[in-house]
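Each chain is listed here by its residues.
2 protein chains.
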Amino acid sequence: MVIVQQTSIGTRVCGQLCTRIAPISDSFDDTAEREQGSRFLPRFDSAGLLTAIAQDSASGEVLMVAFMDREALDATRATALAHFHSRSRGRLWMKGESSGHVLHVEAILVDCDQDALVLKVRPAGAACHTGERTCFYRTLDGETLTRHDG
Amino acid sequence: MVIVQQTSIGTRVCGQLCTRIAPISDSFDDTAEREQGSRFLPRFDSAGLLTAIAQDSASGEVLMVAFMDREALDATRATALAHFHSRSRGRLWMKGESSGHVLHVEAILVDCDQDALVLKVRPAGAACHTGERTCFYRTLDGETLTRHDG
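In order, the protein sequence lines correspond to chains A and B. If you count the first sequence from 1, position 95 lands on 1068 in this note's numbering, and the numbers rise without skipping. If you count the second sequence from 1, position 122 lands on 1095 in this note's numbering, and the numbers rise without skipping.
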């Protein structure tokens, strides 16, 4: 069977396997399209993950960083609430699913090579499971961590 | 042979292997120490990497995200210039080593479980290799990426 795939940079014809081995966006050199184009072509790493940074849309503070697989990305876009993939638990989790401190996603920024996102968020409470507003509540000072107000 | 190891949360005695298999900070449950303590105990993932976010210290804009191994972390701290580990090239790189657009590191924030850093930086030029000020120069709008001014 011959498969014809239509992409933003042209049509290609390939054998059956090409769609099974990798998504079209990972199977040929599409650097220019990813960097300069207007198509969303997320590039998941070898573990199937993107890096996702949650940034407070009002204060600009970086609140947390986590990873998203396709499922978490789709759930985030469908609900406008931040979802991630837990590497330790091996499952989808919605930020705030137990605490109620969800992150309302107001915008999603995409980086040059489309392997990282910034979520501009409005937090419903402390973003950190420790109860801190942000996970980044300490500054490295020599060998010592110091709590800060920022 | 018996090895006695002094840690910030006490002394433990263990067999020879414990120091060979893993660093002390990864070999027992030190969650409370990592989250609440003042000791810097970076937690590298299974690939030996931390996530490092570069944020403009003046504007608050997220400029880029990359990964640091121990070597990149040490080089960053020693020089106050951002260094990362390139996963694709498998080597240390200093941001700006070819473009001259280095990132001067003014502060390092550490997250709750110490597997991610925010570098507060003063960029010497465009942070993105595409020539953009930040790598996050596009917003996801439906299925389309739109350039933005932020």
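In case anyone wonders, no lab produced these hints; they're calculated from the structure. Some clues are possibly wrong.
Residues from chain A shown here face chain B by an in silico Cβ test under 10 Å; the list is partial [stated by the list, open to error]: (1) R1050; (2) S1071; (3) S1072; (4) T1117.
Examples of chain A residues toward chain B, derived with CB under 8 Å [as the list claims (entries may be wrong)]: (5) W1066; (6) E1070; (7) V1091; (8) C1101; (9) R1111.
Stretch-level coverage of chain B by chain A, calculated; a stretch enters the list once three of its residues show a Cβ under 8 Å from a Cβ in chain A [to be verified]: (10) 1026-1034; (11) 1105-1113.
Think of the CB as a built atom: it goes at the ideal place given N, C-alpha and C, for glycine as much as any other residue.
Checklist entry - Going back to the hint list, which numbers does this structure go against? => result Hints 2, 3, 5, 6 are the ones this structure does not satisfy, whereas the remaining hints hold.
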